[in-house]
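A.B. asks: Each chain, written out:
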Amino acid sequence: MDPQPDIPAEYHGRPRRPLVRKTLVILLVLWTFGAVRGAWETPLIARLRGADLLQAVPAQETETKLGRNAVLAILGGMRPLMAVYAKLSAVDKWEIADWDEVEKWYGITILLQPEDYQHRIDLAWHCAYNARAYYETSQHVPSGVDRAREMEVWTDKGLAYLDAAIPEFPDRGELLQEKAQILERKKHDPCAAAQTYRLALGKKGVLGYVERFVGYQLAQCPGKEQEAYTYLKRLYDEGEKNHLPTLIHEVKRLERKLQIPLLLRIPDPEPDLPGTRNTVPGLKVP
Amino acid sequence: MSASSSTPPSPPPAIEARELTKVFPLQWSKGYMVAVDKVSFTVNAGEVYGLIGPNGSGKSTTMKLVLGLMAPSLGTTKVFGLSTSDVRARSEIGFLPENPYFYKHLTGAETLRFYGKLCGLRGRSLQERIGELLELVDLEHARDRRLAGYSKGMLQRIGLAQALVQRPRLVVLDEPTAGVDPIGSREIRDLILRLKQEGISVFLCSHLLEQVQEVCDRVGIIFQGKLRREGPLDELTAIENQTEILLQEASPALISKIQALVQAEGADLLSIGRPRTTLERLFLDEVERGLADARSAGAHSAEPSPPPRP
Amino acid sequence: MSAPNHAPMPDRPVPPIFSPGRIWTLAAATFTQLVRMRTFYFLLFFAVLVFGMSNVNLLYTAEQQLSTIRGTSFGAMWLFAWLFAVTATAVVIPRDIEDRTLYTILSKPVPRVEYLLGKFFGVLLVITVALGAMLLLSGVVLEFRKAGLIAETRIYLEQSPDITPADIQGQLDAISNEGFHPRLFTAAWIILLQAAVMAAATILVSTFASSSLFTIIVGIAFFLIGHGHRIAVDYWSEGGATNNWLAWAAKVVPDFHIFNVHEKIVAGSTAAPFVMAEITAYAGVYCVVYLLLGWYMFSDKEF
Chain A
1 MDPQPDIPAE YHGRPRRPLV RKTLVILLVL WTFGAVRGAW ETPLIARLRG ADLLQAVPAQ
61 ETETKLGRNA VLAILGGMRP LMAVYAKLSA VDKWEIADWD EVEKWYGITI LLQPEDYQHR
121 IDLAWHCAYN ARAYYETSQH VPSGVDRARE MEVWTDKGLA YLDAAIPEFP DRGELLQEKA
181 QILERKKHDP CAAAQTYRLA LGKKGVLGYV ERFVGYQLAQ CPGKEQEAYT YLKRLYDEGE
241 KNHLPTLIHE VKRLERKLQI PLLLRIPDPE PDLPGTRNTV PGLKVP
Chain B
1 MSASSSTPPS PPPAIEAREL TKVFPLQWSK GYMVAVDKVS FTVNAGEVYG LIGPNGSGKS
61 TTMKLVLGLM APSLGTTKVF GLSTSDVRAR SEIGFLPENP YFYKHLTGAE TLRFYGKLCG
121 LRGRSLQERI GELLELVDLE HARDRRLAGY SKGMLQRIGL AQALVQRPRL VVLDEPTAGV
181 DPIGSREIRD LILRLKQEGI SVFLCSHLLE QVQEVCDRVG IIFQGKLRRE GPLDELTAIE
241 NQTEILLQEA SPALISKIQA LVQAEGADLL SIGRPRTTLE RLFLDEVERG LADARSAGAH
301 SAEPSPPPRP
Chain C
1 MSAPNHAPMP DRPVPPIFSP GRIWTLAAAT FTQLVRMRTF YFLLFFAVLV FGMSNVNLLY
61 TAEQQLSTIR GTSFGAMWLF AWLFAVTATA VVIPRDIEDR TLYTILSKPV PRVEYLLGKF
121 FGVLLVITVA LGAMLLLSGV VLEFRKAGLI AETRIYLEQS PDITPADIQG QLDAISNEGF
181 HPRLFTAAWI ILLQAAVMAA ATILVSTFAS SSLFTIIVGI AFFLIGHGHR IAVDYWSEGG
241 ATNNWLAWAA KVVPDFHIFN VHEKIVAGST AAPFVMAEIT AYAGVYCVVY LLLGWYMFSD
301 KEF
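Chains as they are written, first to last, in my numbering: chain A, 1 to 286; chain B, 1 to 310; chain C, 1 to 303.
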């Protein structure tokens, strides 16, 4: 139908254009709703963050914080799926020993799931164990000096990733435990390892054996023998549950070293007990 | 209406449209267009009213205003005395849109159940009503077939059945035979006449003049949004200054006498000839004859639907 | 044709102004409409994903393997729920208009608000059933995998003389905690709540949109803005910006940050019943506001 330009005056203003009017009303209502709900939303979000139900990205450089927040916001619940893909890519690069790529893909995984501390542990483990082991025997780096330098570089990277992550997860003990193990096994620094194991005690995810590890590392720390003996003897005296081969071995060694009177010494271990161990099955060791 | 009135109150008209006007704004401009311009008409209870006009004349807009799918810019429409914006008014209306498409995943029976439930029907009464309607529109054989497998004529018939599901007092039909073959068209026409016999008011929009002429008591002719003519069909179609005499078994001598008489009286004899049947009638007669022949020859029809109609 | 039975009903009962029965009829029709559109094929994709994840060896620890299955399952559920809420809601109303089914529905004694609610609940019904099926599937896979991992870990740990039974139990408990847990129902509920809000918002958009594509694009944008909203708020709260216009605009867009609670629940946190009730009320208020505005727009829309 063609428009009729000679429309009678009585129809003027009759065609209703509700869309514009209604859109304005809707915007106004949405704005009012936004203004009102803020009074409910903001404290609710604070409470949910307090109850560990919402991710609160801790204070960091603004750029990192914004980047992480943007990923959190935009990808939302799809992040686990993408994180799996990123992690698969990292594993793929690990198989060809491309450590820069492993680091990059773990970086993406962490960006996607900053709340999962396990990714930080995995990255540190790859750096401090796998990359380090690779450079220990790599034919691509003929110079022994260079290989030693690379080994230290990747070990330090692993520790640095953990140091960055620990303040983000102050209640998790696994990160400290991982750091202590690197200090113990790769840096051969029992004093620092003992101190780090001790920091892990009482935190979430830390099992009973870590308490013993504190003593084992103290026992290796020069100048800390007396403290180590007291610590391990206390554990020994707690009962049968702690009468484990490594603990008995360390106590006996310290008794001899500190010349503890025979009467105060613990009984000799059974002769057929296996050798000492300071590892726990299930923990990843390359 | 006064309670002290001596005469019983007359039933309200099925549709009462007064000064019905619809003005549409034009998109992206300040202009506007009058689709329906001060249209007034009444459809009395039990009457079949046909609104005819070419495409784009305002028929569908008028119908939507009657159904309450659009609000008038000016004027009012009432259905049995209730405003069309009142949900209760729609209990009285059954509507069949042009080329209806229902949920294709539903069967015929499920479609009627769905619309019946929307009208508040439940349980056994709904089941019975579904059976009645499927029988009425001759779709019992397709009751459990999905609508995706229905022909156009079958869709039109199930559409008519859904329009009738809540026993409305007014049925609004928009081009009810659009795209339907002559046999299906005839069935729908017969159904409209049956509805009329039942006292149901019918408001029919069509541009098929012959069809309207066959079933409607009154018609309105709408063009460019204005109702140009309106009234009983006989009055509208009668030519005031002409008279038609139809003879059977008239001899040539009788016709000569009539011609002479007309001439003597000073009137003009415009034509003498044999009345013709309509093409539709001719087509239907041939189809029926063919079916009868096939039956007598003992042949079985490959078409399960539609069955032959008298 | 048989003799019709069309005696008019002079004492026709007045149809109720608001009828849950009619809403349910419309919701059930929408449900079957969407199911017939092969919506549940997504479940096959989900099943492949979850079974695949349970067999992928990323050298994870036992806990990680389980938490990855959980995270992946709920990631897929989350994606399905909100994306389906947007796309399905954006399609159902325009399709009714296109097929003129809307004419026949609205010409029956059906108030328009009931039509909108019917569509809304129909979409939610599909999402609820799909989420339920996905939750069940992921639960079965999680428990099956958990049983295997516990058995393997026990055998491995018991070989070590330096591990106490208490340590072994602690390790096994840690694995056990990563399996299926009733708290995951609350995570699925929050995913459903977010989908409900998205469906309500999409209904609002579709009442004035001219095409399904436009509705889908606006719906997705709405979702992204809703999730990005909190970045801006946090940024401002730290004094990072003082743009008044942006602050004004932020009040119009929703804040979906609260629905991210499901991630922490999937990861291991537990939400107290009153917290769940408050989040449910929060989502309910959003739905009511969006649906009321959608009704306002749809109430005199002309077709």
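Quick caveat, the hints were computed from the structure, so don't treat them as lab data.
Keep in mind that the hints are not guaranteed to be accurate.
Restricting the straight-line Cα-Cα distance to at most 35 Å, the calculated cross-link-like pairs of lysine-lysine (DSBU-like) are [said to hold, decoys possible]:
#1 A:Lys187 x A:Lys241
#2 A:Lys157 x C:Lys264
#3 A:Lys22 x B:Lys78
#4 C:Lys301 x A:Lys204
#5 A:Lys241 x A:Lys204
#6 A:Lys257 x A:Lys186
#7 C:Lys251 x A:Lys22
#8 A:Lys93 x A:Lys22
#9 C:Lys301 x A:Lys93
#10 C:Lys251 x B:Lys104
#11 C:Lys251 x A:Lys157
#12 A:Lys241 x A:Lys93
#13 C:Lys301 x B:Lys152
#14 A:Lys187 x A:Lys233
#15 A:Lys252 x A:Lys224
A.B. asks: Each hint: holds or not?
C.D. replies: Against the structure, the hints come out as follows:
no.	hint	verdict
1	A:Lys187 x A:Lys241	holds, 31 Å
2	A:Lys157 x C:Lys264	holds, 29 Å
3	A:Lys22 x B:Lys78	holds, 27 Å
4	C:Lys301 x A:Lys204	violated, 58 Å
5	A:Lys241 x A:Lys204	holds, 22 Å
6	A:Lys257 x A:Lys186	holds, 26 Å
7	C:Lys251 x A:Lys22	holds, 18 Å
8	A:Lys93 x A:Lys22	violated, 56 Å
9	C:Lys301 x A:Lys93	violated, 58 Å
10	C:Lys251 x B:Lys104	violated, 43 Å
11	C:Lys251 x A:Lys157	violated, 44 Å
12	A:Lys241 x A:Lys93	violated, 43 Å
13	C:Lys301 x B:Lys152	holds, 29 Å
14	A:Lys187 x A:Lys233	holds, 27 Å
15	A:Lys252 x A:Lys224	holds, 16 Å
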